[in-house]
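Since chain B is already given, all that's left is putting chains V, Y and E on it; use the hints.
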Amino acid sequence: MNLFRAIGLTLLFLLATLSSSGASEADLRGIIAKFATAKGFSEIGAVVHELAAIGDPAVERPLAALADGNLYVRKVDSLVFAGKEAGETVQLSDPLSGEASGEAAKDDITKIKVNNTLRRVIRDALGTLTLGAKDPAVRIAAADTMFKTPDAANIGPLDTAIANESVASVKALLEQARAASVLVSDRPDADKLAAVALIGARGDRDAVSLLTSVEANSADAVKQAATAAIANINSTLAFWDAGQNIWYGISLGSVLLLAAIGLAITFGVMGVINMAHGEMVMLGAYTTFVVQQVIRTSFPDLFDWSLVIALPLAFLVSALVGLIIERGVIRFLYGRPLETLLATWGVSLILQQAVRSIFGPTNQEVGNPSWMSGSFNVGQLAITWNRLWILVFALTVFAVLLYVMKRTPWGLQMRAVTANRRMAASMGIRTPWVDALTFALGSGIAGIAGVALSQIDNVSPNLGRGYIIDSFMVVVFGGVGNLWGTLVGAFSLGIVNKFLEPYAGAVLGKIVVLVLIILFIQKRPRGLFALKGRAVEA
Amino acid sequence: MRGNFSTITKMFSASVVAAGLLMSAPAKAADDTIKVGILHSLSGTMAISETTLKDAMLMLIDEQNAKGGLLGKKLEAVVVDPASNWPLFAEKARELISKDKVAAVFGCWTSVSRKSVLPVFSELDNILFYPVQYEGEESERNVFYTGAAPNQQAIPAVDYLMSEDGGSVKRWVLEGTDYVYPRTTNKILEAYLKAKGVAAEDIMVNYTPFGFSDWQTEVSAIKKFGSAGKKTAVVSTVNGDANVPFYKELGNQGIKAEDIPVMAFSVGEEELAGLDTAPLVGHLAAWNYFESVDTPENKKFIADWHKFIKNDKRTTNDPMEAHYIGFNMWVKAVEKAGTTDPDKVIDAMIGVSVPNLTGGYSTMMPNHHITKPVLIGEIQADGQFETVSRTPGLVMGDEWSDYLPDSKDLISDWRAPLSCGNFNVATGKCGGKGTN
Amino acid sequence: MSGRFFAAGADRRIAITIFILLAAAVIVPLLNLAVSPTSTFYVPSYIVALTGKYLCYALLALALDLVWGYCGILSLGHGAFFALGGYAMGMYLMRQIGSRGVYGNPILPDFMVFLNYKELPWFWYGFDHFWFAGLMVLAVPGLLAFVFGWFAFRSRVTGVYLSIITQAMTYALLLAFFRNDMGFGGNNGLTDFKDILGFNVQADATRSALFAASAVTLALAVFVTWAIVGSKYGKLLMAVRDAESRTRFLGWRAENVKLFAFTVSAVMAGIAGALYVPQVGIINPGEFEPANSIEVVVWAAVGGRGTIVGPIIGALLVNAGKSWFTGVLPEFWLFALGGLFVAVTLLLPKGIIGMWDSWRGNARALRAASIAEEAGTDADVTPPAKIVRSAATKPGDWSAASPEPQPAE
Amino acid sequence: MSKSNTILYLDGVSVSFDGFRAINSLSLVLDKGEMRAIIGPNGAGKTTMMDIVTGKTRPDEGEVFFDGQVDLTKHDEAEIAMMGIGRKFQKPTVFESHTIEENLMLALKGPRSIFPALFHRRSTAETRQIDDILGIIRLGDKRNELAANLSHGQKQWLEIGMLLAQDPKLLLVDEPVAGMTDAETEETARLLKDIARDHSVIVVEHDMHFVRELGVKVTCLHEGSVLSEGTLDFVSADERVVEVYLGR
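So the protein sequences, as listed, match chains B, V, Y and E. Those letters in the first sequence? Residues -19 to 518, per my numbering, in order. Those letters in the second sequence? Residues 545 to 980, per my numbering, in order. Those letters in the third sequence? Residues 78 to 486, per my numbering, in order. Those letters in the fourth sequence? Residues -2 to 245, per my numbering, in order.
These are computed hints drawn from the structure, not numbers from a lab. Just so you know, nobody snuck in bad clues.
For lysine-lysine, the following DSS-like pairs were computed, each having C-alpha atoms within a straight-line distance of at most 30 angstroms: (1) V:K952 to Y:K271; (2) B:K91 to V:K843; (3) B:K93 to V:K740; (4) V:K857 to B:K64; (5) V:K800 to B:K93; (6) B:K151 to V:K767; (7) V:K857 to B:K93; (8) V:K952 to V:K973; (9) E:K214 to E:K166; (10) V:K843 to B:K86; (11) V:K854 to V:K844; (12) Y:K195 to V:K973; (13) V:K851 to B:K64; (14) E:K71 to E:K0; (15) B:K203 to V:K768; (16) E:K53 to E:K71; (17) B:K91 to V:K857; (18) B:K64 to V:K843; (19) V:K800 to B:K14; (20) V:K888 to Y:K271; (21) B:K151 to V:K768; (22) V:K775 to B:K203; (23) V:K774 to B:K93; (24) E:K166 to Y:K309; (25) V:K767 to B:K93; (26) V:K775 to B:K128; (27) V:K767 to V:K800; (28) V:K645 to Y:K271; (29) V:K775 to B:K19; (30) B:K86 to V:K800; (31) B:K91 to B:K64; (32) B:K55 to V:K843; (33) V:K844 to B:K93; (34) V:K740 to Y:K195; (35) B:K19 to V:K843; (36) E:K53 to Y:K309; (37) V:K876 to V:K843; (38) V:K843 to B:K93.
Isolated chain B, as found in the complex:
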């Protein structure tokens, strides 16, 4: 058995029996001072347990500081402080009261090291202490921790907490945590059966995880009940797995859609085989990086808004570069799309190397704003916020683009020029201008795709290369020149890919998708949404 757990059990037992007798502040300080001399993680762990055993909520501050790696020992006098880094110095404060106690140079103090195991010990210790916290979120976290690390000694505190709990959802979690603890206790089988039922109703992976160990460690009725509950949960989870695959597929599809949608304009509508498309995406991502850099240094409060600020800028940057490319290169190549392939290939090399020269070859950090971090559950389906926002964003971009193309005068002109340039020109449309703006639009959209993709991928000069082939596949699969085709193409490729992946593996899955595309094109040589009829061939 794990040493920590052994210590923990004994100490928690002490806690349960002695918790009524509060400890004096001096005692606490005495224990905290031991951090200064503790060698190695196991000794530090022992001190943590000693602190936790006091059962005084006051220990939360030093323990939390320790978990975050913010507890220091001053070298000269071996005193323990909480600290906050500020450049080359550290702002020290009292570990218990939090009062400021001056600052120290980094060289004059030693950080008390923590590792995962210690962090988990602290988390567990804090779990019991924070059951009565004011903030429901903290209580939820505590209940969650205690569910994952069930312990017979927890039953008492949990009973108290359940009795005092007023929020129904928290109460349910606490009851589950209590049930988990009952299962590892020596309570009668009837209690355990009730606990299995309660946990079985929870129905998630953590429940399976817990029940699996129960199944292994108990006998007869409890074992059978656990087995049945596991089977039950697993069958539900199998259903959720399919849902999960669909969600992952949709999410991958939204990424593909974002990557491809700009290409659907430059390649699909204008017929330019734009090999520099990926680099437009990259420019958008780098714009996001620059925006975040400025915000970090000058307006840290605005960080959550960084993506919103980056969007228009990324659009402008990429659109401007697109405009320059169109005016400088592509306009000489209309009617010769194959040459556009070569020229834009050259442009892509130049852009890549330019970014490499300016920003360096390494990855740049683009942070997730808080509203794009983490995940939430729908049933047993964990949906991450950033994927959801990317999906929403992709669909929004699509809708706006569709509106622009179908409902605005500019879109009309754009379609007119594509359909019959000469006629459009003779009707007074300034075709060169429309071309330039269309290309800029496609590039700009690639740029805002870069803002979104910076949230899930590397921001490096190679960013674009990773998306260019997939983008072309999507556009061609959907049918060149058809925005709806691109939408359907992106999502169907995404979903097929994600359904294949669990069975075939990521590599084989992708190969199968490529082969399917090749075969599909044989069946429909002009993609999913091709126009049929005489007009196709002159």
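Relative to chain B, chains V, Y and E alone:
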């Protein structure tokens, strides 16, 4: 038609011959310099990692020159760009040696680039210093491996995870990019774990392609595997670019290091620089060097680096230290041999000992691998690693793994009289397993 | 439309090219092997290896030109055929290592040993014989092209759709060959070759022989391509390029016409790959990289597509430039290369050869006129159309010179 | 109606594109050796009808028979062309980067597979045939000219020449005089009448003078089916024809 004839001829021969001659014009090597080749990709997919090493080499050469050069001559760096293109590596290596007449080459990152240049180095008899952790199973006379062999990284890392400090991990996910380094490392680890009593069903191996970016399915599979009621850890040999989306997905799906730690062998400070590491605190990496190591040598190295690259934000990493060690070893060996003649230097290299940046000495062993300490670090919120474990002594690089059936009998010793990279102790013959 | 105008000089040009290549096949090895290294005429070994490699690239570019220049099929997957030919040769070379691998296993290549293969996979059988490997060099790319083309051309997949699925093909192969489970050595590919036909691949003499073989093969390929292009079939090929449906209504099976050219071209690419591998000493999945195939297109475009000599010159020049720039301007060579592509497409839309021809246009027009007169025809020869940057044609047309216009709509 | 003596027999043929009915239960019979002119406003389905006959478009329903017994819906373009149906496009389509002579050579009747083409040598008989056709289409003096350099009318003739070289039983000629001068138009009419002596011909044309010049039975198509059929005078007297041409 004459005009036509001659011009076409000219055009044609111009391209055939000029092609070669353009480059063949032997660079007039000034006799008072010693040339050092730097063979790292500055463009293409590997530029992201290798460019830093080129800069590190330039800095080391500058510093050596500031100290008065070598054998009374100045060192001169010859930089070429093999552009992440493996055959181009071989071509450029040949160019460095034949045309530029370099005394030694520092370069390569991927295994395939090293494999591509090996024949060139043995044919033209020159020296390559290879600074990256790799899969082992190789020992060449002309190559000095200053990066880690699997036993200098993977095995101590797994040992740590199995220890109480590391969380007594019982269930393992071996997640890697599908290429030779992860494949071999995972083969070794599987054998090692099984030898330690881990059941086959407690090991999950999965591979993804290079540059993989959609990790949703894989991460949720890890989550699922980890919910079997046993302490689970991921050993990641995921390569370069694919790491950032991998860690982002881990963070977003809420896999915390306290629950399922990820131990990576290819994630260093450089890779973390592209990430918000706050959600990743506690995930691990095993290296022979961390930027956060607190020694005077390292402080000076970092300060010099910042000054050289003119950017305080740039990090240092393990392969840079490997070049630091390798370069200093080479300098010392050249001084010892009194010449840059590769044959003499190769012989002089063995036994050379230089300070590393982690507060000790690294020595070149007869198998052309070096001794190093192994450090296990946890990711911190500031993008650095905090050393949480360190092997008590130095670990000697073991080129032929003891955990692979076909290589366990092999040893390498480049000292006379053995002078063999794959000596079989069972049969007593040089040349691998022999016919059996 | 300068086709006929340089037709007058084309045969002579082919003859010169073949002559130069054959001469190089003799002279370069001589200068390498028989001349003392101190002599000014000495050709260093690495130049021999390097130019040998370029000649393989030139052969690949020529192969692409047969389908792109003469039949309008823009294959973005020709690197795949090249790589497959290379792998077939690589497998032979691997088997030749025999027990000299690091593990000394007489049957299994090293990578199989450390990945715990117990026996040789079935598809490695036979590759210990050169004749078998040689057959596979032709058969594997040829068969793939045949099957792929059979489906694609019958389904009338054309233009950009065809280009993209050829790209999908090479990309799928790239991913497949990256897999270590495929049994082709994964990312590391095949390397550490020792002998070819009993000769040490690293010996100068072998290198020179390989160079000569490459040069002679290229000369042969030039001749074959020239013969194909000049035949009635060649006319048909261009007819399919210019007006595919017209050929169909004349009773020709355009799909078969394309299929034949595509297969021949793939076989040529395979041979190029097979010659390339022993000279560079490695073959790995990187050769399947779609970017490589695009580069081949660039070589052909730079030299001038639809000409036989153009792609060869393009391949030689671009690669020489690349070798040179990566050494001289390691940090900036991509700017130079990228700039070159842009400049060539803008300023030399028909490539170097096309540019040359139109530059010589007027003089030739006069000559052509006089020839026409001798032949008793009307001397009404319009000077060759200037290379028009037809900015007025609508975007979405596939290519000015290429077959059916493909409105994007 | 018997198919036995017909060269082309269409019965109840319909085809639609994305919901638009281009051909609507069209029935048309052409006797062996007959020349027929087809007129009709834009969008009447004239070109689509030719697409169906030549195998480019498959009809949704209906029968298409050639020479009384061959079901054309079961064959593709190349096969149909080999059976002896030649087609001239609305927009003259010749091989622009080839000379006139090469254009004709590719069209000459003969084996249509790859290898014979690869090792083909021109025989004197072929040269004579080409000479003959060059004479007929009046391009003898331009035989080495690139097709791209021909005028619009000359391209039309070259294309007709290529049809002749194919030696088909039935020629489908789509707007042969579009863009021609009056003199050229007359020439073309004479040429077609010559051809019609030993071939069956369908001519689609808008130019009424030209149709009158041909002096053959006329079929007027409208919205994918036959509106009226008979002599030109009869058809042009038909009120419905007048209506569709002039609008209501």
